[in-house]
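Here is how the chains run, residue by residue.
2 protein chains.
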Amino acid sequence: MTFREDGAEALEWAARYLERVGELPVLAQVQPGEIRARLPASPPETGEPFSAVLRDLEDVLLPGITHWQHPRFFGYFGVTASEPGILAELLAATLNSVAIMWRAAPASSELEEHVLDWLAQLLGLPAGLHGHIEDTASTSTTAALMAAREATGRRVVVFSDQAHSSVAKAVKLLGMVPREVPSDAEFRMRTDALELDDAAAVVATVGTTSSTSVDPVPAIADAAERAGAWLHVDAAYAGAAWVCPELRWSQAGVERADSVVVNAHKWLLTPMDCSCLWTRRPADLRNAFSLIPEYLRSRDEVDNLSEYGPALGRRFRSLKLWAVIRCYGREGLQAVIREHMRLAELFEGWVRAEPGWELCAPRPFSVVCFRREGSDEENEALLERVNASGEAFLIHTKLNGRFVLRLAVGNAWTTEDDVRRAWDVLRREAASLQTA
Amino acid sequence: MTFREDGAEALEWAARYLERVGELPVLAQVQPGEIRARLPASPPETGEPFSAVLRDLEDVLLPGITHWQHPRFFGYFGVTASEPGILAELLAATLNSVAIMWRAAPASSELEEHVLDWLAQLLGLPAGLHGHIEDTASTSTTAALMAAREATGRRVVVFSDQAHSSVAKAVKLLGMVPREVPSDAEFRMRTDALELDDAAAVVATVGTTSSTSVDPVPAIADAAERAGAWLHVDAAYAGAAWVCPELRWSQAGVERADSVVVNAHKWLLTPMDCSCLWTRRPADLRNAFSLIPEYLRSRDEVDNLSEYGPALGRRFRSLKLWAVIRCYGREGLQAVIREHMRLAELFEGWVRAEPGWELCAPRPFSVVCFRREGSDEENEALLERVNASGEAFLIHTKLNGRFVLRLAVGNAWTTEDDVRRAWDVLRREAASLQTA
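So the sequences go chain by chain: U and G.
Here the working numbering is used: the first residue of the first sequence is 23, the next is one more, and so on.
Here the working numbering is used: the first residue of the second sequence is 23, the next is one more, and so on.
Since the hints were derived computationally from the structure, they do not count as laboratory data.
Here the structure is a predicted model, which is why all the values come from computation and not from measurement.
Any given hint might turn out to be false.
You can't tell identical chains apart in this list, so a pair holds if it fits in one copy or across any two.
[As the list claims (entries may be wrong)] Heads up, simulated SDA-like pairs for lysine to any residue below, C-alpha to C-alpha not over 20 Å straight-line: (1) K194 x G175; (2) K420 x G69; (3) K194 x I122; (4) K420 x L368; (5) K194 x V178; (6) K420 x Y39; (7) K194 x I314; (8) K420 x R270; (9) K420 x G250; (10) K194 x A173; (11) K420 x A190; (12) K194 x P304; (13) K420 x V203; (14) K194 x D398; (15) K194 x W445; (16) K194 x R176; (17) K420 x P384; (18) K194 x A59; (19) K194 x D78; (20) K194 x R177; (21) K420 x D398; (22) K420 x P204; (23) K194 x E361; (24) K420 x A357; (25) K420 x E395.
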């Protein structure tokens with residue numbers, strides 16, 4: 023085998039995949055265990071050609087893939103691994119640069135800081151923040167809360183009942199104490215009784231996972247400042263919207279945050295994984311995480327990004343973010359976000375206008391929460407039918423105790439026709455349920 | 023731009039890189055800040071072609087890259103991103119499958135469990151272990167210690183003074199209490215006074231980072247069993263050696279571990295990141311990490327791998343490990359490990375035979391610890407000169423308080439000529455230091 027020939031075959035598979043993904047069922051139509059059962063019980067004794075791997079990817083694995091790249095993937099948060107991002111991952115794997123410390127990977131270390139500065143500029147964040155990349159927001163939030171724990175000597179972490187599950191998971195990991203506060207009728211953290219005097223940190227969310235609601239960050243920042251608590255802003259999904267000035271209303275107060283996380287792998291066209299964490303208190307992160315054994319000491323007078331987070335080994339993740347920002351530019355990123363806002367608004371309008379359907383939450387970004395009139399069970403059955411069709415994929419959430427459907431626009435290849443088709447499938451399956 | 027054309031250009035760059043990496047200086051010959059200074063202060067307003075990214079990778083970034091793929095990279099642990107692994111990363115990025123839960127990525131979830139089972143077979147680990155992939159051993163060890171903390175209700179973690187820094191980092195993260203125990207003359211954990219009665223966990227290392235020493239796992243397992251402490255085995259580097267039956271002496275006692283980590287991205291030809299964690303107590307990991315919010319609930323009666331570790335979002339990492347195992351097979355993996363053992367033994371023999379040089383530790387695997395007779399300062403100066411030559415890259419460690427050089431063989435393209443050249447450079451620079 024040669025790298026060029028195998029590579030050309032892999033590249034052709036990838037190109038064909040991106041061309042045809044829209045014709046595949048969005049949600050994998052397999053039962054648990056079905057894929058595993060098709061794999062040999064034991065590894066091969068001798069090597070096989072790479073083409074055999076590609077063949078089995080096509081024949082064995084493909085039916086078990088839920089297609090996040092599908093233009094009618096409306097689940098969780100819609101995401102895109104754009105072409106420049108994909109090819110940059112090929113290059114990162116080729117270089118296999120491991121940024122355990124600066125001298126082990128100077129270009130990776132410096133590009134990471136630089137591109138995070140670029141992205142801060144694009145998003146209109148304050149100048150001078152320290153930025154680095156973690157794998158996911160789970161890790162970014164863990165890093166921020168660890169810094170808060172060490173800096174304050176306190177253990178209580180405050181967040182709303184709409185905060186992402188990764189916050190509670192990080193709190194448990196860190197041996198900290200969760201304190202959940204209620205949200206208001208529009209799913210925003212209530213601040214009327216917010217008490218942070220004993221808190222290490224408060225986590226405000228811009229774009230909650232259920233309904234993309236925006237916590238009142240300015241009021242939360244006031245309370246955090248009074249109490250000396252760390253303010254961490256989880257903008258994992260919605261922070262990308264700040265690339266558009268008209269959506270920066272949702273950034274109010276974020277300039278006062280001690281740390282903020284935005285996942286470039288969500289709404290910024292970058293393949294998994296690329297979670298961007300900025301802080302105005304880098305010394306506190308460094309104090310929490312720095313730990314340099316002898317075999318990593320060098321004479322370089324320089325910070326190592328591994329001193330700002332849990333992991334020592336770090337991939338060359340900045341390469342893909344750099345490629346995406348350069349190949350799209352500010353205008354290209356804005357165009358994608360604006361088109362997704364337009365599509366979500368369209369869908370919202372169709373739901374509003376259709377008898378028998380209702381909207382269930384305000385829609386600040388590209389996620390629409392809605393339901394069909396009727397019971398939770400009927401809505402759940404509807405969702406299962408839509409997803410079983412393979413024509414579109416949505417998930418549900420619960421808002422005010424009710425089962426709610428949730429359409430998340432976020433794939434760069436999604437067109438108006440795709441959103442229309444999802445709406446058609448929803449109405450078709452609802453009608454067929456009614457007559458069944 | 024089209025994906026096929028840009029992709030062909032990226033692939034050609036990658037192929038050329040792999041062909042010429044041996045001619046580049048191993049350690050980046052740049053000063054801190056030098057790469058950043060060459061990058062534009064602001065991101066572009068409009069998109070650029072991907073070819074511009076490739077051009078700047080070549081012109082701007084390449085001088086700042088320390089080449090982990092270089093056949094004379096002998097630093098840290100030598101690693102290889104093999105061709106099948108690289109191409110599988112291209113495919114993983116193309117699919118952008120995010121395994122937050124089974125139904126979001128059935129093939130990724132099932133292939134991950136399956137390939138970890140394959141690898142357990144290849145390494146001769148006990149049947150029936152639960153395996154999953156984390157990014158790095160930092161995270162794998164954190165996951166294991168978290169499970170230990172929750173299962174035992176205790177907080178003390180015991181490890182030797184030769185344990186990897188990630189253990190102390192994980193202990194701090196988890197709010198646990200470190201207890202370092204001394205090692206013996208051959209850098210193995212001393213067990214004569216090992217007391218684990220109040221310990222949540224003990225971390226034994228097979229292949230320590232400084233000298234690749236092997237802790238006496240059977241005795242440690244005895245003590246852990248008596249005390250009801252969790253036994254975690256860190257075999258991040260050396261676990262790969264178990265693919266060769268003649269090296270399984272170092273696996274004694276590991277069959278009694280509660281968890282064991284082996285990094286496929288170290289000595290198993292897989293690009294960063296791919297840390298394999300097995301446990302015989304999956305319920306304890308799940309109990310520590312499971313936390314399912316409403317928007318992730320589904321009717322599937324199935325485990326989600328995100329319930330076994332800190333992160334929710336998970337890349338399709340198993341694809342590259344699958345590709346590597348299939349394209350090399352058991353025999354191919356064995357051949358690489360055996361060749362590296364042979365090369366390290368050769369180098370060890372040269373040092374032993376050469377007046378004025380000494381070996382500083384036993385050599386159980388492919389890392390040779392040695393020094394030139396003389397002061398620490400002289401050895402440090404020697405190391406700096408060797409690394410500044412760009413001809414080979416090594417790091418140092420401290421053993422018994424002395425500055426020791428460390429040659430780690432682990433790159434699949436390293437030949438006998440490369441090891442010989444490193445030895446020549448070392449002697450040349452030592453001689454030139456002496457006459458200076």
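Each hint tested on the structure:
1. K194 x G175: both (16 Å within a copy, 13 Å between copies)
2. K420 x G69: Neither: 49 Å inside a chain and 40 Å across chains, both beyond 20 Å.
3. K194 x I122: Between copies, since 19 Å is at most 20 Å while 27 Å is not.
4. K420 x L368: Answer is neither; intra-copy 23 Å and inter-copy 65 Å both fail.
5. K194 x V178: This pair counts as both: shortest intra-copy Cα distance 11 Å, inter-copy 17 Å.
6. K420 x Y39: Neither. Shortest intra-copy (34 Å) and inter-copy (51 Å) distances fail the 20 Å Cα cut-off.
7. K194 x I314: between (26 Å within a copy, 14 Å between copies)
8. K420 x R270: Neither way: K420 and R270 sit 27 Å apart in one copy and 52 Å across, limit 20 Å.
9. K420 x G250: The answer is neither: 34 Å in one copy and 42 Å across copies each exceed 20 Å.
10. K194 x A173: The answer is both: 18 Å in one copy and 14 Å across copies each meet 20 Å.
11. K420 x A190: within (18 Å within a copy, 40 Å between copies)
12. K194 x P304: For K194 and P304, only the inter-copy Cα distance (18 Å) is at most 20 Å; the intra-copy one is 23 Å.
13. K420 x V203: within (17 Å within a copy, 50 Å between copies)
14. K194 x D398: Result: close neither inside a copy nor across copies, 32 Å intra and 45 Å inter.
15. K194 x W445: neither (40 Å within a copy, 50 Å between copies)
16. K194 x R176: For K194 and R176, the Cα distance is within 20 Å both inside one copy (14 Å) and across copies (15 Å).
17. K420 x P384: within (14 Å within a copy, 60 Å between copies)
18. K194 x A59: neither (36 Å within a copy, 41 Å between copies)
19. K194 x D78: neither (40 Å within a copy, 43 Å between copies)
20. K194 x R177: both (11 Å within a copy, 14 Å between copies)
21. K420 x D398: within (10 Å within a copy, 64 Å between copies)
22. K420 x P204: Within. Shortest intra-copy distance 15 Å satisfies the 20 Å Cα cut-off; inter-copy 54 Å does not.
23. K194 x E361: neither (39 Å within a copy, 45 Å between copies)
24. K420 x A357: Answer is neither: 31 Å inside a copy and 55 Å across each miss the 20 Å cutoff.
25. K420 x E395: within (15 Å within a copy, 70 Å between copies)
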